[in-house]
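Student: The primary structure of each chain is shown beneath.
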Amino acid sequence: MSASSPATPAQVTLPNSLRSGPDDRGWFGEFGGRFVAETLMPLILELEEAYRAAQADPSFQKELAFYYKDYVGRPSPLWFARRLTETLGGAKIYLKREELNHTGSHKLNNVMGQILVARRMGKTRIVAETGAGQHGVATATVCALFGLKCTIYMGATDVERQKPNVFRMNLLGAEVRPVTAGAGTLKDAMNEAMRDWVANVEDTYFLVGTVAGPHPYPEMVRDFQSIIGTETKEQIIAAEGRLPDAIVAAIGGGSNAMGIFHPFLDDVDVKLIGAEAAGLGLDSGKTAASLSRGRPGVLHGNRTYLLQDADGQIDEAHSISAGLDYPGIGPEHSWLNDIGRVEYVGVTDQEALDAFQVCSRQEGILPALESAHALAHVIKIAPTMGKDQIIVMNLSGRGDKDIFTVAQHVGVEL
Amino acid sequence: MSRIQARFEALKAEGRGALIPYLQAYDPDLETSLALLKAMPGAGADIIEVGIPFSDPSADGPTIQLAAQRGLKAGSTLAGVLEMIKRFRQGGQETPIVLMGYLNPIHTYGAEAFCRDATQAGVDGIILVDMPTEEAVWLRPHAEAYGLDIIALVAPNTSHDRLVHVLREARGFVYYVSITGITGTASASEAQLKDAVPKVKAVTSVPVAIGFGISTPEQARVASQIGDAAVVASTLIRTLASTLVDGRATESTVPAVIRQIEALAQAVRSVEGVS
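Just so you know, the sequences run in chain order H and R.
Note that the numbering used here numbers the first sequence so that position 198 is 198, with each residue one more than the last.
Note that the numbering used here numbers the second sequence so that position 270 is 270, with each residue one more than the last.
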């Protein structure tokens, strides 16, 4: 694999770097690619060209930095979780506070970058898919900011379990279209957003919310999310004078994890751990753990690990967290899994619910159920590590949107 | 000469284009779709397109999505679809069969195994909606070795340079997706087709089939005249679906679809002798 793309200043790579992917056809090893209908090929080729031009343009980087600071609210703090650390009695735990970004999650980092690209391309209408609604809210937000038409596709099941976010999107002026096909979750929303895009190629930009889809989306979304890891690196060195021993992040499509992992890929002493949603258990048949229980296949524009049956039909994923409820994963994660650079573990619905409550009571932070998956793994490993060791966890979103789901599981009627 | 080539040559001699009706395998069950497949040549199908049911048909509109769901519910697998073609071939050797679907089931089956088993079953070509020419390298060598035509797709927004690139290795026929959109929704106008199709024909010597949004006999006639073939899909599925009771086939299912194909065939043949 070779470095084929002009690197942005923040991403100067060495010849043997793990950070140099994808190649010029969008492949990370055997994963990625551009598996789309011919009608979409001119669009993604045009997008790739526009993104390369933006990367090379200092005024684009300057504009993005401005919005990151004054609109998104970056940098996000790196918080030393003192009570949690004392309770678990092992490694020092730091939380990267992505939930403090405007709109309450890491999603705005990517959306902010892509909307500036879409504007450079002269697009006037934005479509996006959303699971938990965090990406939908972030997209609706920037569309309001720039006065663009916005249509969000959301599975009907997710519309039901994430009502507050649906209302938020409406308040922001977006049209939310519930998708009833399939199980009515994120993969169905993705299919429907692609159908919309192919029918509106002239004016519409497809704002993908995670590090998946046809090239260049996995690379572009990763680049925009890498601000998380870049800041973390500076902040942990300022706080501790060294890099952490482990970084833990939750994985659905994998954008918050990719964002915090990527700047650390070449720091081989930093252990990187992705927490996949195991749902009711890895072997329950009700899971969203694509790497642990899937195999490589092609869906939504890329070759990657997928939950699928023996015939290649895509399975429905299951997770308590709508944001992780997807049967695939970004192709770069599939590659990092196969080369062994990142360890991927499963975390069940129940473990995430328990971690949600721990975080709320010990740190005064309601975490998103997505992020609670990462925290559940931190709770497992911190006590096994020394007090001189350091874990950074990506607290990718806040949990206000999840209080109804949590209430239901703890038997409280709101 | 391949069956697809032979069929287009014969039609050229007749002075008309081809009618290519579509059915989704196993919709609503194996025996009904096989009966429909067997009856299609007699009703005037010149080539038949058989859809492989897939869980996530992201280029299809609601009509074909529902057909795929019915097919999967009826137990469709890729191996089952190939078996169905094998049974069709026991009674009919002349009509070319082109499979249409999405890449993942083929990927799961394996490139070489698929090309071998498909050609042995009597399949002549494959259309994979989510496999642009750039990503065809894993399949192409095996397809060529076994004589399976990979049918290229082009669209109204495919530039001249890209047409040249995509059609460089065209085999069988070219599928011209006549609208930017999904199946069974909008239709291209006659003027749009007359503008676009000659640009495709200018860069390739293989026949051009026009699909997406062709539903009436008149539209089929026009498309088969401007191009070399008209693909008709969603309207036939809608007819099939309208005959189902509780999702099951009835006595009228096969006859209703066949009657519609006869009407389409009559229109396509009404230009016989006109160049």
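Calculated directly from the structure, the hints in this document are not laboratory data.
Using N, Cα and C, we set each Cβ at its ideal position, and we do this for glycine too.
A hint or two may mislead.
[As the list claims (entries may be wrong)] Facing chain H, from chain R, some residues (calculated, C-beta under 10 Å):
id : residue
1  : Gln-93
2  : Thr-95
3  : Glu-135
4  : Val-154
5  : Thr-204
[As the list claims (entries may be wrong)] For each label pair, taking beta carbons as the anchor points, the in silico distance ranges come out as:
id : chain 1 : residue 1 : chain 2 : residue 2 : range
6  : H       : Asp-57    : R       : Asp-195   : 50 to 58 Å
7  : R       : Lys-73    : H       : Lys-149   : 35 to 43 Å
8  : H       : Lys-62    : R       : Asp-161   : 49 to 57 Å
9  : H       : Arg-119   : R       : Val-245   : 33 to 41 Å
10 : R       : Trp-138   : H       : Glu-46    : 19 to 27 Å
11 : H       : Gly-340   : R       : Trp-138   : 20 to 28 Å
Student: A separate judgement is required for each hint: does it hold in the structure or not?
Tutor: Evaluated hints:
1. A cut of 10 Å between beta carbons decides the hint on Gln-93 of chain R: the least distance to chain H is about 28 Å, and the hint is violated.
2. For Thr-95 of chain R, the shortest C-beta to C-beta distance to chain H is roughly 26 Å, which exceeds 10 Å, and the interface hint is violated.
3. Hint on Glu-135 of chain R holds. Least Cβ distance to chain H is approximately 5 Å, under the 10 Å limit.
4. At about 6 Å, the closest approach between the beta carbon of Val-154 of chain R and any beta carbon in chain H falls short of 10 Å, and the interface hint on this residue holds.
5. The interface hint given for Thr-204 of chain R is broken, as the beta carbon of that residue sits about 14 Å from the closest beta carbon of chain H, more than 10 Å.
6. For Asp-57 of chain H paired with Asp-195 of chain R, a C-beta distance near 37 Å fails the hint of 50 to 58 Å.
7. Between Lys-73 of chain R and Lys-149 of chain H the beta carbon distance is about 37 Å. The supplied range of 35 to 43 Å therefore holds.
8. Distance hint for Lys-62 of chain H and Asp-161 of chain R: a CB-CB separation of about 34 Å, inconsistent with the stated range 49 to 57 Å.
9. Roughly 52 Å separates the CB atoms of Arg-119 of chain H and Val-245 of chain R, a value that falls outside the hinted 33 to 41 Å.
10. About 25 Å separates the C-beta atoms of Trp-138 of chain R and Glu-46 of chain H, a value consistent with the hinted range of 19 to 27 Å.
11. As the Cβ distance of Gly-340 of chain H to Trp-138 of chain R is approximately 25 Å, the hint placing it in 20 to 28 Å holds.
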